[in-house]
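Top to bottom, those sequences are chains A and B.
Residue numbering for the first sequence follows the numbering used here, starting at 167 and increasing by one per position.
Residue numbering for the second sequence follows the numbering used here, starting at 167 and increasing by one per position.
Please keep in mind that the hints were generated in silico from the structure rather than gathered at the bench.
Hints are supplied without guarantee of correctness; some may be wrong.
[Claimed, not checked] Heads up, simulated DSS-like pairs for lysine-lysine below, C-alpha to C-alpha not over 25 Å straight-line:
#1 B/337 / B/366
#2 B/191 / A/366
#3 A/337 / A/234
#4 B/175 / A/175
#5 B/354 / B/366
#6 B/411 / A/393
#7 B/191 / A/354
[As the list claims (entries may be wrong)] Below, a sample of chain B positions facing chain A; criterion: calculated Cβ distance under 7 Å:
#8 168
#9 177
#10 194
#11 203
#12 269
#13 270
#14 280
#15 345
#16 388
Ideal Cβ positions, reconstructed from N, Cα and C, are used throughout, including at glycine.
Each chain, written out:
There are 2 protein chains.
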Amino acid sequence: MNNVIDLLKAHRSIRKYQDRQVDQKVIEELIRAGQCAATSSFIQACSVIQVNDPTTRQEISRVAADQKYVIEAPVFLVFCADMQRHKLACDMHQAEMLSGYTEQFLTASVDCALFAQNLLVAAESIGLGGCYIGAIRNNIARVDELLSLPEKVYPVFGMCLGYPAQDPETKPRLPVEVILKQETYDDKTDRDLIAAYDNKVRRYYHSRTDGKKDDSWSEQISGMLVKEARPHMLGYLRSKGFLLK
Amino acid sequence: MNNVIDLLKAHRSIRKYQDRQVDQKVIEELIRAGQCAATSSFIQACSVIQVNDPTTRQEISRVAADQKYVIEAPVFLVFCADMQRHKLACDMHQAEMLSGYTEQFLTASVDCALFAQNLLVAAESIGLGGCYIGAIRNNIARVDELLSLPEKVYPVFGMCLGYPAQDPETKPRLPVEVILKQETYDDKTDRDLIAAYDNKVRRYYHSRTDGKKDDSWSEQISGMLVKEARPHMLGYLRSKGFLLK
Numbered sequence: 167m168n169n170v171i172d173l174l175k176a177h178r179s180i181r182k183y184q185d186r187q188v189d190q191k192v193i194e195e196l197i198r199a200g201q202c203a204a205t206s207s208f209i210q211a212c213s214v215i216q217v218n219d220p221t222t223r224q225e226i227s228r229v230a231a232d233q234k235y236v237i238e239a240p241v242f243l244v245f246c247a248d249m250q251r252h253k254l255a256c257d258m259h260q261a262e263m264l265s266g267y268t269e270q271f272l273t274a275s276v277d278c279a280l281f282a283q284n285l286l287v288a289a290e291s292i293g294l295g296g297c298y299i300g301a302i303r304n305n306i307a308r309v310d311e312l313l314s315l316p317e318k319v320y321p322v323f324g325m326c327l328g329y330p331a332q333d334p335e336t337k338p339r340l341p342v343e344v345i346l347k348q349e350t351y352d353d354k355t356d357r358d359l360i361a362a363y364d365n366k367v368r369r370y371y372h373s374r375t376d377g378k379k380d381d382s383w384s385e386q387i388s389g390m391l392v393k394e395a396r397p398h399m400l401g402y403l404r405s406k407g408f409l410l411k
Numbered sequence: 167m168n169n170v171i172d173l174l175k176a177h178r179s180i181r182k183y184q185d186r187q188v189d190q191k192v193i194e195e196l197i198r199a200g201q202c203a204a205t206s207s208f209i210q211a212c213s214v215i216q217v218n219d220p221t222t223r224q225e226i227s228r229v230a231a232d233q234k235y236v237i238e239a240p241v242f243l244v245f246c247a248d249m250q251r252h253k254l255a256c257d258m259h260q261a262e263m264l265s266g267y268t269e270q271f272l273t274a275s276v277d278c279a280l281f282a283q284n285l286l287v288a289a290e291s292i293g294l295g296g297c298y299i300g301a302i303r304n305n306i307a308r309v310d311e312l313l314s315l316p317e318k319v320y321p322v323f324g325m326c327l328g329y330p331a332q333d334p335e336t337k338p339r340l341p342v343e344v345i346l347k348q349e350t351y352d353d354k355t356d357r358d359l360i361a362a363y364d365n366k367v368r369r370y371y372h373s374r375t376d377g378k379k380d381d382s383w384s385e386q387i388s389g390m391l392v393k394e395a396r397p398h399m400l401g402y403l404r405s406k407g408f409l410l411k
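Bound conformation, chain A alone (with noise of 0.2 Å):
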């Protein structure tokens, strides 16, 4: 429809980058894009950590799955959900904060999430490419560690940034028609969309693996779905003052 959409349309994770570094003054103005998303009632509780450090960069891969590109990524940012910042803004003001709400948890993680991805569409929009790096959280103690987080901040998700060395495909999406709904739920229908869909991702990994690849999307989930996942998140997170109440 216009370049806008075109670009958003053309999004697909790049996990492999040329020997070329992105200038500070760059990431700043990245920075500046993310932070011009909606905010939950101004709270602006996003928190961004830039590693360089490759001792760091080291440790975090080895907890993420030993994803390299954490390592070999030119930028490597942390988006973390910040209430620190909220609990300095009281004490400017001698009142008291009252922490430790599911909501607080959910509007502060939304708020990053809002933010990061404004930063990739504008990270994209100049030739970069990237990918979030939700495997952080496996041992998510560790990352905050690392980082050394105060109370009520917590490392939501990484995100891997550069200039892109590989060009692969966009991956197909669910129809439409599972996602969009009028008026109600209503899932009638999504069982057979789903397996119509199916077809079509199993074609993709097919082609993407020259036939040895053989998985639908639904193989993939049940298949994910029957472990458990990251049952330590919780724990973690009250002992950082989330989802107390």
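Assemble chain B onto chain A, guided by the hints.
Frame of chain A; chain B shown alone:
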């Protein structure tokens, strides 16, 4: 830097709309743009409910602090974190889904936020404007009921969209130096930077309200955080099968 970054930096919430409909084909195109955002482990956990029915809109508006634009906006969408679809995928393969993990709540909620932000950027690129409606969580159980949401699906936020009939200023954000930190979390200079920013916000409100509103960022935040934050959220989410462990 380029027209995409200019677009992102020009964002402001639009709450008044021209009396002009948005074509359904355009809405579907926006959904597709939303879907192209990154999705954690390919879970695609966002469903969108388009609400046109005036009675439902009226009731959601009532719940959402009587925000009239929920009734008036040409388009009103509710973004839902949806793991019902994953239950279906598991059923398709006779797999028993392990659910209730905090990690799953987080990834599904973040998925929705990335999706919604892409959708809003796409909307703004074609001349639409909009705003997020977090206030649907004021009485989230009522919104859930109105939309007939099943187990494992919850409404994260709403969004109003339409052709703008207002042109508000952009709102100044925190200094980059507060947001972007190097190597580890360090907030030693934050108090001074926030105090300077407070003055900037105060001038913004002054000029927007002809001197009637006298408020700073830290005052606004501290005023808000001495109150409870939607204390019903944890109970509601657990009743839907989220945040159980």
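Now for the hints, and whether the structure bears them out:
1. For the given pair, residue 337 of chain B sits about 10 Å from residue 366 of chain B by alpha-carbon distance, which is consistent with the 25 Å threshold.
2. Under the criterion of a C-alpha separation no larger than 25 Å, the hint pairing residue 191 of chain B with residue 366 of chain A is consistent with the structure, at around 23 Å.
3. A threshold of 25 Å between alpha carbons decides the hint, and for residue 337 of chain A with residue 234 of chain A the separation of about 22 Å falls inside it, so the pair holds.
4. Between the alpha carbons of residue 175 of chain B and residue 175 of chain A the distance comes to roughly 20 Å, so the proposed pair stays at or under 25 Å and holds.
5. About 20 Å separates the Cα atoms of residue 354 of chain B and residue 366 of chain B, which keeps this hinted pair within 25 Å; it holds.
6. For the proposed pair residue 411 of chain B and residue 393 of chain A, the alpha carbon gap of about 14 Å is at most 25 Å, so the pair holds.
7. Distance restraint check for residue 191 of chain B and residue 354 of chain A: the Cα-Cα separation of roughly 22 Å lies within the 25 Å cut-off, and the hinted pair is therefore satisfied.
8. The beta carbon of residue 168 of chain B is positioned within 7 Å of a beta carbon in chain A (closest approach about 6 Å), and the interface hint is therefore held.
9. Taken as an interface hint, residue 177 of chain B checks out: its beta carbon lies about 5 Å from the nearest beta carbon of chain A, inside 7 Å.
10. Annotation: interface hint on residue 194 of chain B holds; nearest CB of chain A at approximately 5 Å, less than 7 Å.
11. Annotation: residue 203 of chain B was flagged as interfacial toward chain A, and the flag holds, the nearest CB pair being 6 Å apart, inside 7 Å.
12. Taken as an interface hint, residue 269 of chain B checks out: its beta carbon lies about 4 Å from the nearest beta carbon of chain A, inside 7 Å.
13. Using the Cβ-Cβ criterion of 7 Å, the hint placing residue 270 of chain B at the interface with chain A is satisfied: the shortest such distance is roughly 5 Å.
14. Given the 7 Å rule on beta carbons, the hint for residue 280 of chain B holds: about 5 Å separates it from the nearest Cβ of chain A.
15. Below 7 Å, beta-carbon pairs count as interface contacts, and residue 345 of chain B has one with chain A at about 6 Å; its hint therefore holds.
16. The beta carbon of residue 388 of chain B comes within 4 Å of a beta carbon in chain A, closer than 7 Å, and the hint placing it at the interface holds.
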